[in-house]
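**Q** So the chains spell out like this:
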Amino acid sequence: MDLAKVVGSITSVSKLEQLKPVKLFVVHILGSDFGPTGNYGVAVDTVGVGYGDIVLITTGSAAKMTEITKEIPTDTSIVARVDNAGDRQ
Amino acid sequence: MDLAKVVGSITSVSKLEQLKPVKLFVVHILGSDFGPTGNYGVAVDTVGVGYGDIVLITTGSAAKMTEITKEIPTDTSIVARVDNAGDRQ
Amino acid sequence: MDLAKVVGSITSVSKLEQLKPVKLFVVHILGSDFGPTGNYGVAVDTVGVGYGDIVLITTGSAAKMTEITKEIPTDTSIVARVDNAGDRQ
Amino acid sequence: MDLAKVVGSITSVSKLEQLKPVKLFVVHILGSDFGPTGNYGVAVDTVGVGYGDIVLITTGSAAKMTEITKEIPTDTSIVARVDNAGDRQ
Amino acid sequence: MDLAKVVGSITSVSKLEQLKPVKLFVVHILGSDFGPTGNYGVAVDTVGVGYGDIVLITTGSAAKMTEITKEIPTDTSIVARVDNAGDRQ
Numbered sequence: 001m002d003l004a005k006v007v008g009s010i011t012s013v014s015k016l017e018q019l020k021p022v023k024l025f026v027v028h029i030l031g032s033d034f035g036p037t038g039n040y041g042v043a044v045d046t047v048g049v050g051y052g053d054i055v056l057i058t059t060g061s062a063a064k065m066t067e068i069t070k071e072i073p074t075d076t077s078i079v080a081r082v083d084n085a086g087d088r089q
Numbered sequence: 001m002d003l004a005k006v007v008g009s010i011t012s013v014s015k016l017e018q019l020k021p022v023k024l025f026v027v028h029i030l031g032s033d034f035g036p037t038g039n040y041g042v043a044v045d046t047v048g049v050g051y052g053d054i055v056l057i058t059t060g061s062a063a064k065m066t067e068i069t070k071e072i073p074t075d076t077s078i079v080a081r082v083d084n085a086g087d088r089q
Numbered sequence: 001m002d003l004a005k006v007v008g009s010i011t012s013v014s015k016l017e018q019l020k021p022v023k024l025f026v027v028h029i030l031g032s033d034f035g036p037t038g039n040y041g042v043a044v045d046t047v048g049v050g051y052g053d054i055v056l057i058t059t060g061s062a063a064k065m066t067e068i069t070k071e072i073p074t075d076t077s078i079v080a081r082v083d084n085a086g087d088r089q
Numbered sequence: 001m002d003l004a005k006v007v008g009s010i011t012s013v014s015k016l017e018q019l020k021p022v023k024l025f026v027v028h029i030l031g032s033d034f035g036p037t038g039n040y041g042v043a044v045d046t047v048g049v050g051y052g053d054i055v056l057i058t059t060g061s062a063a064k065m066t067e068i069t070k071e072i073p074t075d076t077s078i079v080a081r082v083d084n085a086g087d088r089q
Numbered sequence: 001m002d003l004a005k006v007v008g009s010i011t012s013v014s015k016l017e018q019l020k021p022v023k024l025f026v027v028h029i030l031g032s033d034f035g036p037t038g039n040y041g042v043a044v045d046t047v048g049v050g051y052g053d054i055v056l057i058t059t060g061s062a063a064k065m066t067e068i069t070k071e072i073p074t075d076t077s078i079v080a081r082v083d084n085a086g087d088r089q
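Chains as they are written, first to last, in the numbering used here: chain A, 1 to 89; chain B, 1 to 89; chain C, 1 to 89; chain D, 1 to 89; chain E, 1 to 89.
One should not assume that every hint holds.
Stated by the list, open to error - Distance ranges between label pairs, derived from CB positions:
| no. | chain 1 | residue 1 | chain 2 | residue 2 | range |
| --- | --- | --- | --- | --- | --- |
| 1 | E | Asp33 | B | Gly35 | 31 to 39 Å |
| 2 | D | Gly48 | B | Tyr51 | 26 to 34 Å |
| 3 | A | Thr37 | D | Gly48 | 38 to 46 Å |
| 4 | D | Lys70 | A | Asp33 | 39 to 47 Å |
| 5 | D | Tyr51 | B | Glu17 | 22 to 30 Å |
| 6 | E | Thr11 | A | Lys20 | 48 to 56 Å |
Think of the hints as simulated: they come from the structure by calculation, not from any bench.
No experiment lies behind these values; they were computed from the predicted model shown.
Where a beta carbon is used, it is the ideal one built from N, C-alpha and C, also for glycine.
Pulled out of the complex, with its shape left as it was, chain A reads as follows (with noise of 0.2 Å):
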């Protein structure tokens, strides 16, 4: 799973039925400290998130191990809004 900030939503008209109940996030992936990799992502909101929240997000089949996308054909979604990462090292 990755870290990752909240930067912005994706309008779409003509998209599968099956993307139509979800909120689509586009989210920045973070490295150690928050900091930013440069790396962008589109993820499916499983939990209620807005702009500028960090995130945890999970890819793949995992990220279809939820009540909300479980048909959905979503390879990233956001599974926690994360408050604090501490105790770093």
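Once you've looked at the hints, dock chains B, C, D and E against the given chain A.
**A** Showing chains B, C, D and E alone in chain A's frame:
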């Protein structure tokens, strides 16, 4: 998932029977603010897109979670045409 | 699988119910001779590790093949604490 | 999926029984306009290709979705020979 | 799949029960002409290899498609020892 731009198509005479019914596009993966990453892929279209469109692609087992791709050996599918990616920070 | 060093933990109030029973660690992926790669991830602990430990992480669907993680939407799990990586050439 | 060029083959005496019936090729992953990326992989052939051919490869669980590879522990399969990748922008 | 060189082994006292029966090797991923890429991983051996051997590794769900690894939470398995990678262009 990733944002990508449709930049080409693929012509192939010798291919798996399973791939024959679908349309394959070359896509350029985009980063923040629709900037190019220099990374490319080939994706199956599930929504009806065209050259120059900005699209949303999904990868891995999720790429096969659509009516069109469920029997297709694809690892990347186009699942939406993106009209806007707004409110970025 | 990859060698990694446990460098932090995650605190989160808003998260999926499925993630609540598990402990999440920030890990720094290591390369040859335990050297840092600059790449980080977040992993579910399945063996009981602590800060500074060198661990083995597994990714993808394999991350869910443990008693602790089988219902958890994780793409990365800690599956061993590494005591030595010997006889390198 | 990715475009790739067939650049070599693999000879192996000690291998899994499951791999014995298939032909393994070393492929060079291509980027835009068939340019080299410097990244290589090894793929199972499912369509009958030869040295120098430009091919389409699929990865992950999709690599096992063909008659030839369904029992093969491969993460990369060649699923088409590409004759042209046209109309690029 | 990737070519790799066996460069080390892993010693671990605290690990998942599932991992105890298998032998874990540190492998250096190779590129064209067996050149080093600087990328490393840890793989389960399924064919009986030793230090310095050039091997073929498979990743993801394919890593679990062998008799030895079917219950093992591994994302990378060694599936062949490579004797030659010939006729490269």
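**Q** If a hint holds in the structure, say so; if it does not, say that too.
**A** Checked hints:
no., hint, verdict
1, Asp33(E) with Gly35(B): 31 to 39 Å, "holds, 34 Å"
2, Gly48(D) with Tyr51(B): 26 to 34 Å, "holds, 31 Å"
3, Thr37(A) with Gly48(D): 38 to 46 Å, "holds, 41 Å"
4, Lys70(D) with Asp33(A): 39 to 47 Å, "holds, 45 Å"
5, Tyr51(D) with Glu17(B): 22 to 30 Å, "holds, 25 Å"
6, Thr11(E) with Lys20(A): 48 to 56 Å, "holds, 51 Å"
Checked against the numbered hints above, the structure violates none of them.
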